[in-house]
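Chemist: Model the full structure from these sequences, guided by the hints.
There are 2 protein chains.
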Amino acid sequence: MKETVNVDNEKLVKEFGAGLVGTVKDLPDFYTFKSGVMYSHRDFDKFLSALKKGEKCAILSGVNASGTLHIGHKAVFDTNLFFQKKYGIPVFIPISDDESYVSGKVKDQEEGLKNSMRLAKELLAYGFDPKKTYFIIDQIYTNIYNLAIKLSTRVNYSEIKASYGYRPEDNIGLHFYPAIQSAHILFPQIEEGMKNVLVPIGPDEDAHLRISRDIASRFELVKPSVLHSLFLPGIDGGKMSTSKPNSAIFLSDSEKEIRKKINKAFSGGQKTVEEHKKLGGNPDVDVSYLYLKYLFLDEKKAKALAEKYRKGKILSGEMKKLFADEAVAFVSNFQKRLKKVSEKDLEKTIMKND
Amino acid sequence: MKETVNVDNEKLVKEFGAGLVGTVKDLPDFYTFKSGVMYSHRDFDKFLSALKKGEKCAILSGVNASGTLHIGHKAVFDTNLFFQKKYGIPVFIPISDDESYVSGKVKDQEEGLKNSMRLAKELLAYGFDPKKTYFIIDQIYTNIYNLAIKLSTRVNYSEIKASYGYRPEDNIGLHFYPAIQSAHILFPQIEEGMKNVLVPIGPDEDAHLRISRDIASRFELVKPSVLHSLFLPGIDGGKMSTSKPNSAIFLSDSEKEIRKKINKAFSGGQKTVEEHKKLGGNPDVDVSYLYLKYLFLDEKKAKALAEKYRKGKILSGEMKKLFADEAVAFVSNFQKRLKKVSEKDLEKTIMKND
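Residue numbers (my numbering), protein chains in the order written: chain L, 14 to 367; chain V, 14 to 367.
Be aware that a few hints might be false.
Identical copies look the same in the list; a pair holds intra-copy or inter-copy alike.
[Unchecked claim] No more than 30 angstroms apart at the CA atoms, straight line, and that leaves these computed lysine-lysine pairs for BS3-like:
id : residue 1 : residue 2
1  : Lys208    : Lys127
2  : Lys313    : Lys284
3  : Lys236    : Lys24
4  : Lys118    : Lys361
5  : Lys208    : Lys236
6  : Lys236    : Lys120
7  : Lys99     : Lys361
8  : Lys208    : Lys120
Bear in mind the hints are in silico, worked out from the structure with no lab data behind them.
Modeler: As structure tokens, then:
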């Protein structure tokens with residue numbers, strides 16, 4: 014059984030014209046590029062070249078107001094943080110509480126707004142610099158509607174129906190959302206004059222970025238660059254999802270919860286210790302190994318670990334413990350920082366109408 | 014040849030369940046009810062009854078940001094003013110510069126905003142009380158988006174496609190507009206607790222009001238009341254339209270322009286003076302007479318005038334002069350007041366986000 018983490022990304026490369034990150038020259042010296050968790054892209058090379066030339070650049074990377082931060086966000090947010098820290102560039106973080114509401118992911122607008130504020134606070138705890146980070150919460154920064162209206166004039170119902178998969182029985186709030194999403198994506202360029210914008214996303218968001226890139230062309234704007242991270246599997250071996258608590262490690266989980274989830278994680282080991290020692294394990298499907306490889310260990314350590322696992326020199330339980338130790342340290346660090354986020358910092362990062 | 018001013022309204026009564034204003038008890042003592050220019054309605058009786066009981070009432074009546082005020086607006090705005098003056102009730106005036114833009118009636122958002130500000134000023138000159146009048150200009154009061162999003166969750170694409178006649182190749186801004194329009198209409202009730210809202214409109218807007226009334230029910234709100242004015246013909250005998258300068262008398266027209274247009278007005282007179290004196294004219298198709306009857310004269314005077322016209326005792330030229338005198342006086346009064354509108358008054362009537 015081969016690793017299947019890159020199925021969606023490979024489709025983007027083979028059928029939808031995305032490039033392989035591995036073929037981009039002078040990749041940044043950062044783990045998300047070395048481990049391969051940033052797998053495919055559109056115009057990432059152009060973004061890097063503009064960055065190196067000192068041109069105005071920005072990162073744009075949204076988060077869903079219905080969810081809560083989990084370990085699946087790590088690759089994207091670490092990448093964003095890397096660029097902010099190394100190059101001092103601004104990071105715009107749209108939190109679409111309008112979309113969460115019209116898609117039925119939250120019960121009312123109040124819940125969407127509450128989630129948005131919580132997420133903004135958590136992201137500051139994650140490490141984003143309050144001086145260079147801008148949260149676009151749609152219910153607060155309602156002026157985004159004006160930009161969405163502008164962009165909406167160049168995209169028709171048929172196009173968004175095809176890209177977003179909406180149906181005639183879906184509500185019209187949902188049907189308008191692509192205009193808001195494009196407004197988020199093109200905001201740094203249109204409102205702030207930042208022509209080089211990188212949007213790190215999961216591969217499932219690519220169709221929407223293609224619409225935004227098309228809209229950019231129609232307004233003679235620069236197409237935003239896109240980086241696609243791999244889809245890591247859920248801890249339980251299924252699909253990772255905010256609505257399945259055992260599929261992900263949340264940044265709000267306790268050490269006990271984390272260790273419990275990881276103990277139940279899908280493993281590539283054999284049924285018995287004896288068999289494992291004899292036949293060895295399969296790291297390519299071992300969830301703990303995949304998280305260690307893509308999110309926590311450097312290339313050399315990951316490779317050595319895989320070798321030992323294949324040879325049966327490391328047991329599944331040991332692999333789980335390695336992952337659990339990393340996950341616990343990561344989450345516990347985050348939780349310590351969360352307590353220290355100042356309301357003043359939070360306030361100034363949230364975009365206001367005037 | 015019979016008067017054809019009420020074709021659209023009759024359709025609303027016969028096919029779409031509207032009532033006849035003439036059958037409502039205790040109609041207000043105001044010319045728009047006596048002349049019959051307010052022809053059909055939905056729940057107008059309920060509104061009147063709430064008004065008389067002293068319940069919280071409001072008028073809501075929009076204007077298109079692509080247009081400019083003309084004599085065709087008179088019946089609706091005079092009715093609104095009557096209620097504001099007699100009962101002191103607030104008047105909300107949405108100016109949909111977003112719709113003007115997404116429908117291509119203005120070239121950009123800047124033009125829409127400029128038109129909106131001009132219209133607000135003109136409406137204050139028209140006589141609306143700055144203390145009780147609220148302009149909802151969508152590009153300024155972008156918080157309307159939040160209410161539109163709420164309402165959008167209970168109306169789907171198929172419904173608005175049927176009511177508004179949008180096509181898949183229309184842009185998604187246009188597709189979302191019905192949510193904004195319903196937000197305008199339900200704003201006084203949802204945001205200000207005014208349960209009895211009257212919306213005076215032309216008969217062509219009824220389909221949209223039906224959608225808003227349906228949405229109101231879905232949120233367990235009171236359905237807004239609706240008054241339909243007659244469609245007066247264009248001065249030139251065709252359809253009145255802002256884009257055909259000779260079809261309407263604009264409130265910005267000079268006396269010379271007004272008299273020139275009315276001299277060319279479609280008339281119900283005979284070809285020669287001799288014939289006219291012998292056979293008499295037909296007031297039912299005489300544009301000047303219809304405007305006099307519906308907008309300027311009391312019932313008795315209008316009736317007498319029609320009689321004389323039928324008998325050939327009044328010539329078409331004389332009829333035109335009677336209309337032109339009224340129109341010139343009306344427009345000139347307006348223009349004098351326009352010069353006196355204070356920027357401070359204007360400022361305080363325009364709704365802001367915070």
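Chemist: Identify every previously stated hint that the structure contradicts and give their numbers, smallest first.
Modeler: none
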